[in-house]
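A.B. asks: Residue-level listing of the chains:
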Amino acid sequence: MRLTFREVMLGVRRSPLLSTLSVVTIAFSLFAFGLFGLLVLNVDRALRGVEEHVEIVAFLADGTLPEAVSAAMGDISAFPEVALVQQVSPEQALARARAELPEFQDVFDASFLPPSIEVRLKEGHRDPVSVKDVTQRIQTYPFVDDVRYGEDWVKKLYDIRNIAGAAGIALGLLFAAVAVIIIGTTIRMTVLARSREISIMRLVGATDGFVRRPFLVDGFLKGLVGGLLALLLTWGASSVISHNLIQTSFFDPGIATLGVIGGGIIGLLGSALSVGRHLRRV
Amino acid sequence: MIRFSHVVKEYPRTGLALQDVTFRVNKGEFAFLTGPSGAGKSTILRLVIVEETPTAGEVRVSGSLTSSLPRKEIPRLRRKIGVVFQDFRLLEDRTAEENVAFALEVTGAPRDAISARVSRLLTQVGLASKGTSYPKELSGGEQQRVAIARALVNDPVLLVADEPTGNLDDRATRGVFQLLRDINAAGPAVLMATHNLELVKRTDYRVIEVNRGQLVFDSAEGNGAGVVSTSTPT
Ligand SMILES: Nc1ncnc2c1ncn2[C@@H]1O[C@H](COP(=O)(O)OP(=O)(O)O)[C@@H](O)[C@H]1O
Ligand SMILES: [Mg+2]
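Protein chains in written order, with numbering that gives the first Met the number 0: chain E, 0 to 281; chain U, 0 to 233.
Please note: incorrect hints may appear among the correct ones.
[What the hints assert, rightly or not] Calculated cross-link-like contacts (lysine to aspartate or glutamate; reagent style EDC-like; alpha-carbon spacing at most 20 Å):
| no. | chain 1 | residue 1 | chain 2 | residue 2 |
| --- | --- | --- | --- | --- |
| 1 | U | 79 | U | 50 |
| 2 | E | 131 | E | 196 |
| 3 | E | 154 | E | 43 |
| 4 | U | 135 | E | 43 |
| 5 | U | 79 | E | 54 |
| 6 | U | 135 | U | 168 |
| 7 | U | 71 | E | 207 |
| 8 | E | 154 | E | 54 |
| 9 | U | 129 | U | 92 |
Because the hints were derived from the structure by calculation, they are not lab data.
No experiment lies behind these values; they were computed from the predicted model shown.
Work out the full structure: start from the sequences and follow the hints.
C.D. replies: Here it is as structure tokens:
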């Protein structure tokens, strides 16, 4: 191990530029994952808050028989997605409107408001697809006039989240690929610079694993440093946004640690992919 | 110890380097490998240390058939063989001690055992006082002694030397040769490639001579097509 670390330090001293570049690209890779990950995390939190209020409201046609309504409510509450179904009379609707909306303060006659059914969905079924699906099923009742839900902006939030997630993964993978290539180049140069030493190692009976080990440790350590750097960058970005735009939440320590280890794995992978190939040429 | 049977070695670009070479070197034996430059001496030694495998025929070293030795078994075999070259192959940025220790570190020897062993080996090759010198602070003869000490770290059963005195003056040559004889006397077989005929004639050690990739004389067989003294050193 002592020998391994000496070799690693020697490698960094021999090619400081490439070593730095390796670390920085790994950091960028994870920073991309991190930033978009944060976005997804925060949008998800926001959505969860929003989703709790996701309600489907079905307005009923005038003169609908109460028996038909309660039969329909029984049906609907049996949908697997549905958590709660309740009937709202025009009076209740007005009371609620008066409490929430100032322009209803002076309205006392509830008769212009149609009676309605409110449907609340279970957690895990509050995504746009489920909402739409349930809505369509409710719409099939002949006495249902109109169904409303917060369709547009919920969907928009979902879209943002999915696009951000995909962009983050794509950008992160791109940087990871670049990091792997740069690490490969570093290794090629190191192997060349040290070909004499490596051939002597072999001559005196070093195993392939032993010859390879410093390169793998080197890649892993660079990856870890890159990961830490990315964590720092992401955290910085997150707190800048929190201070200046909106309150955001950060990854919990477990995820952050996983991200740093992920950096180590990118580094290790980069080394493992190229070290065997280059060593064989010495 | 070493057994070549009908060995052919062909290099991709330069063609046949060895043709139908058969000989054996026994345990504890000292054998010279002679012949003009380009005859195939180094190729034979590279086959012994499994840097190359034969194109045809068989090479057995310490019981292992090199051509069917799994790659991961090669290091184990190499540890039984000490190797010395004309150009010493020391690491310039490490002291004599560190160069010797390097060979032990590489085989994963326990750290506390290393320094004692290194100083014992340096004493054995007569360099007890030069342990902290760098290769460029040492004479050629001294550098070769460091290389020999390094070759001995794993108690080899065989020492392979490719023109070990090729870069040395007469005095250093005699010293290094005497060292190799002493080592051989203590146990390991020695196969030494050289075209220093003075050295060869001074002893009655086994002589194997190659020329143009063919074995032309073996003093153990007495079937010489050529005589040692007719070889032309280059
Ligand atoms: N690595 C190699 N690749 C191609 N040809 C080689 C190689 N090593 C040696 N040869 C060729 O093999 C022949 C024998 O070389 P070598 O074994 O080095 O002879 P010696 O050590 O007796 O001088 C020469 O013709 C040389 O050109
Ligand atoms: Mg040679």
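A.B. asks: Decide, hint by hint, whether the structure agrees.
C.D. replies: Results of checking the hints against the structure:
In summary, the hint linking residue 79 of chain U to residue 50 of chain U is supported, as the alpha carbons are separated by about 14 Å, within the 20 Å threshold. Simply put, residue 131 of chain E and residue 196 of chain E have alpha-carbon atoms about 68 Å apart, too far for the 20 Å limit, and the pair is violated. Proximity of residue 154 of chain E to residue 43 of chain E is assessed by CA-CA distance (about 12 Å); at most 20 Å being required, the pair is judged to hold. Restraint check: the Cα-Cα separation between residue 135 of chain U and residue 43 of chain E comes to about 66 Å, which exceeds 20 Å; the hinted pair is violated.
Annotation: proposed proximity of residue 79 of chain U to residue 54 of chain E is violated, straight-line Cα distance about 80 Å (limit 20 Å). About 17 Å separates the Cα atoms of residue 135 of chain U and residue 168 of chain U, which keeps this hinted pair within 20 Å; it holds. Taken as a hint, the residue 71 of chain U and residue 207 of chain E pair is honoured in the structure, with Cα atoms around 7 Å apart against an allowance of 20 Å. For the suggested pair residue 154 of chain E and residue 54 of chain E, the alpha carbons sit about 14 Å apart, so the restraint of at most 20 Å is met.
At roughly 15 Å between alpha-carbon atoms, residue 129 of chain U and residue 92 of chain U fall within 20 Å of each other, so this suggested pair holds.
The structure does not agree with the numbered hints 2, 4, 5 stated previously, though it agrees with the rest.
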